[in-house]
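A.B. asks: Given the coordinates of chain W, work out where chain C should sit on it, guided by the hints.
Protein chains in written order, with numbering that gives the first Met the number 0: chain W, 0 to 345; chain C, 0 to 198.
Hints listed in this document are in silico derivations from the structure and should not be mistaken for laboratory results.
Here a beta-carbon is modelled for each residue, glycine too, at the ideal position from N, C-alpha and C.
Do not rely on the hints blindly, as some may be mistaken.
[Stated by the list, open to error] Covered by chain C, per the in silico footprint, the following chain W stretches (three or more residues, Cβ under 8 Å):
#1 55-66
#2 245-259
[To be verified] Computed cross-link-like contacts, DSS-like style, restricted to lysine-lysine with a CA-CA straight-line distance of at most 30 Å:
#3 K61/C with K316/W
#4 K144/C with K242/W
#5 K67/C with K316/W
#6 K45/W with K242/W
#7 K209/W with K144/C
#8 K296/W with K242/W
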Amino acid sequence: MTINFRKETFRDDFSFRNSPEHIRRFPFPFHEDSYMYAVNIEPHVKGPAGSVLENLIDVDEHYVSEMHDRALVLAEDPLRCQSLPHMTLAGWDLLELLMEQQALGYPEHFELHRDGYNWHWINRPLGIDQKFVFGDLSTLPYGPMEYITRQSQGDFCLLDQRDGNLWMDAGIVSTQADWSLDFDIGMNFFEWHAPVPLAHEKGIFTRALKFLTNVQQGRPARRLNWTMTINPRLDTSPENYHKWGPDRTTVTPDNVGHKVHLRVELQSFWRLPRSNGMVFPIRCYLISMDELVTSPKWARRLHRVIRDLPEELATYKGLTRYRPTLVEWLSKFDDGSPTSPGFGPE
Amino acid sequence: MIVPTIKSRPVYGTLAQQPGTEHLLIADAEGAEAILDLAASALPGFFDTAEIVYVPRSTGDKYAPRLKALKPARYHESPTIAAALPRLRQTFATAHMGLRLYLSGTEGLIGQAMQAALEAGIDHSSIQTEHRGSLARRVQCVHCKGITEDVTTQPAECAHCGLLLLVRDHYSRRIAAFQGVCINAEDRSEVPPAEEVFR
Chain W
0 MTINFRKETF RDDFSFRNSP EHIRRFPFPF HEDSYMYAVN IEPHVKGPAG
50 SVLENLIDVD EHYVSEMHDR ALVLAEDPLR CQSLPHMTLA GWDLLELLME
100 QQALGYPEHF ELHRDGYNWH WINRPLGIDQ KFVFGDLSTL PYGPMEYITR
150 QSQGDFCLLD QRDGNLWMDA GIVSTQADWS LDFDIGMNFF EWHAPVPLAH
200 EKGIFTRALK FLTNVQQGRP ARRLNWTMTI NPRLDTSPEN YHKWGPDRTT
250 VTPDNVGHKV HLRVELQSFW RLPRSNGMVF PIRCYLISMD ELVTSPKWAR
300 RLHRVIRDLP EELATYKGLT RYRPTLVEWL SKFDDGSPTS PGFGPE
Chain C
0 MIVPTIKSRP VYGTLAQQPG TEHLLIADAE GAEAILDLAA SALPGFFDTA
50 EIVYVPRSTG DKYAPRLKAL KPARYHESPT IAAALPRLRQ TFATAHMGLR
100 LYLSGTEGLI GQAMQAALEA GIDHSSIQTE HRGSLARRVQ CVHCKGITED
150 VTTQPAECAH CGLLLLVRDH YSRRIAAFQG VCINAEDRSE VPPAEEVFR
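Chain W with its partners taken away, still in its complex shape (with noise of 0.2 Å):
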C-alpha cells in the first residue's frame, strides 16, 4: 500500500488536515459514553487492516510532515532529545525494532539489508540512504535513538528496568502532552507520573509498574491516552506553554469545529533485547472536531464524555477554559439516542 504523504504544517498556518480515510481509522479512545482512568492495558497486536493497529509501528500520511516539525523542534531545543550514558545499547536496540517494523509494514517506503554488522537503510519518504556498522556511533550522523527517531512519528522513552521499577533514562519528546522530558529524564516510574491526579490513589500506577515490567521481548503491550488541543500543534511542551496557552483563549462558538482538537496518544510498550530495557512510543494522532463530527457515534459519545468529566480531569488536561464552548457545540450533535459499545465509528 502506497502512502499519500500529505505536505502540511502543525504550527503558524495549521495546514495539517485528515483525509477522509485517516477520519476513520481515527483511535477514538472512548469504548463507553464516560471515562474514568483505569490500568487499560492489553496486548499490542496487529488490528483490521486499514486501522492505525495494521502494523504495530503505525506510518501514516502525515509521516513527512511530523518528521519536518520534530527537525525544527530539536533546532529550536535540543534538550528535547535526551540519552544518559548508560542508555546507548537500548537505542541501539531502538533502531533496530523501527528499522525492522517500518520496512515490514511498509516495503515500498522502508528497506533495512542486514550483512552481519553491515547495515542498509533506505527511507525513500525522507530520501535517506544510510550505510553504516550496527554499534559503531562512528558510521552515523546521530546516535542510535535521535538517528531513529527523527525518522519515527511519535515520541520514544526509552527506560532502565532496575530495581523493580522503570527508569526514565533517555527519550526524544517532541509532541507531547504537556510533559517535560529535561525535567523528568533521570526519573521513576512514580516520580515522573506524580503530578497525575486521581490515578495514584486508585493504585493504577502500582499495577502498571507491576505489568510492565514483566512485558516479553516479542510481547508487546499498549493502552490509549488522550487529551485535547486547540490547533492542530503537536509541540505542546510546557518549555513552550506561554507561547501556545494563549491559544486556549481563542476558542468560539464559531471555531470549535476547525481549532479544537482531540490528540489521542497510542501509548506501546516495548522490551528491548540486549539491553533488557524497555521503549515506550507515545503516538499522537489528531482529528479536528468537524472531522469527528462526520461520525454521528462519536460525536454523541464524546459530547457525554466532555460534559461529564470529573473536574480534576478537565483541570489536569487543560480544558477549563474552553468546556463549556465545546460542550454546547457538541451538544448540537447528540440528539440523546443510544450509542453502540466499542471504538468503532458506527
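C.D. replies: Coordinates of chain C only, in the frame set by chain W:
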C-alpha cells in the same frame, strides 16, 4: 514542616549514624541543629572520622562554634552553597567505599549536595537527610531553564526570564529543583497575588 504531597516531592528523615569508615556531614543554617542532635546519640569516636562542611547563611556565628566543638577530623565553613560545591565534588570524586553522607538544612542545600553526589555515582537512597529551617525552594523555570534560588512566594517571578511561575511540587533530583511553570501563560493579564508560603 514538610508534608508528603506527590511522589516526586522529596521527603526527609532524621539523621542517624550509619556504619561506615568515614562520615561527611554537610549542612546549612539551622541544619547545624540536626548535626548537634546526631552528636548526642552518636557513638564515641564518630567525629574522629568525620568532616563537617557548613554554610551558616543568615545564622552567622550561632552554630559554628558548637559544630567546631564536636572536634570533627576536618571542619570547613563556606560562605554560600555554591562556593562549597567544587570542594564537595572533589571529595565525592575521590571518595572510597565506606564514606557516609549526611545532609541537613534547607532543601536547596540538601538538593544540591545530593546532586553532586549523584553525579559521582552515589545512590540517593544511601544518603541520610534531614530538613531544618527555611522552606524556601530552588525552582527551575521550565521555559528558559534558569534556576531561581530561595523562592519563598507562590507564584514567583523567574529571576532569568521574568515569567510569573507557579511553583509545583514536582521535583527533579537531577536538577535539584522544583518545577516552575508560567501561571498566566494563557492570559498574561491575569496576575494572581504572590503569597509567602515557603518561609
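A.B. asks: Holds or violated: K296/W and K242/W, Cα atoms, limit 30 Å.
C.D. replies: Given that 30 Å is the threshold and the Cα spacing comes to 34 Å, the pair is violated.
A.B. asks: Count the residues of the segment 245-259 of chain W whose Cβ falls closer than 8 Å to any Cβ of chain C, and tell me whether that reaches three.
C.D. replies: It holds, with 3 qualifying residues against the three required.
A.B. asks: Does the alpha-carbon distance linking K67/C and K316/W stay inside the 30 Å limit?
C.D. replies: Not OK: K67/C and K316/W at ~53 Å, beyond 30 Å, violated.
A.B. asks: Between the segment 55-66 of chain W and chain C, are there enough contacts, at least three residues with CB-CB distance under 8 Å, for the coverage claim to hold?
C.D. replies: Three-residue rule not met by the segment 55-66 of chain W, so violated; n is 0.
A.B. asks: Just to be careful, I want the Cα atoms of K144/C and K242/W compared with a cutoff of 30 Å; is the pair within it?
C.D. replies: Holds, at roughly 15 Å.
A.B. asks: Given the hint that K209/W pairs with K144/C, does the C-alpha gap stay at or below 30 Å?
C.D. replies: Given pair K209/W, K144/C is violated - Cα atoms ~34 Å apart, limit 30 Å.
A.B. asks: Given the proposed pairing of K45/W with K242/W, does the C-alpha separation stay at or below 30 Å?
C.D. replies: Violated, at roughly 38 Å.
A.B. asks: Holds or violated: are the alpha carbons of K61/C and K316/W at most 30 Å from each other?
C.D. replies: The given pair, whose Cα atoms are some 49 Å apart, is violated under the 30 Å limit.
Hint check: violations occur at hints 1, 3, 5, 6, 7, 8; the rest are consistent with the structure.
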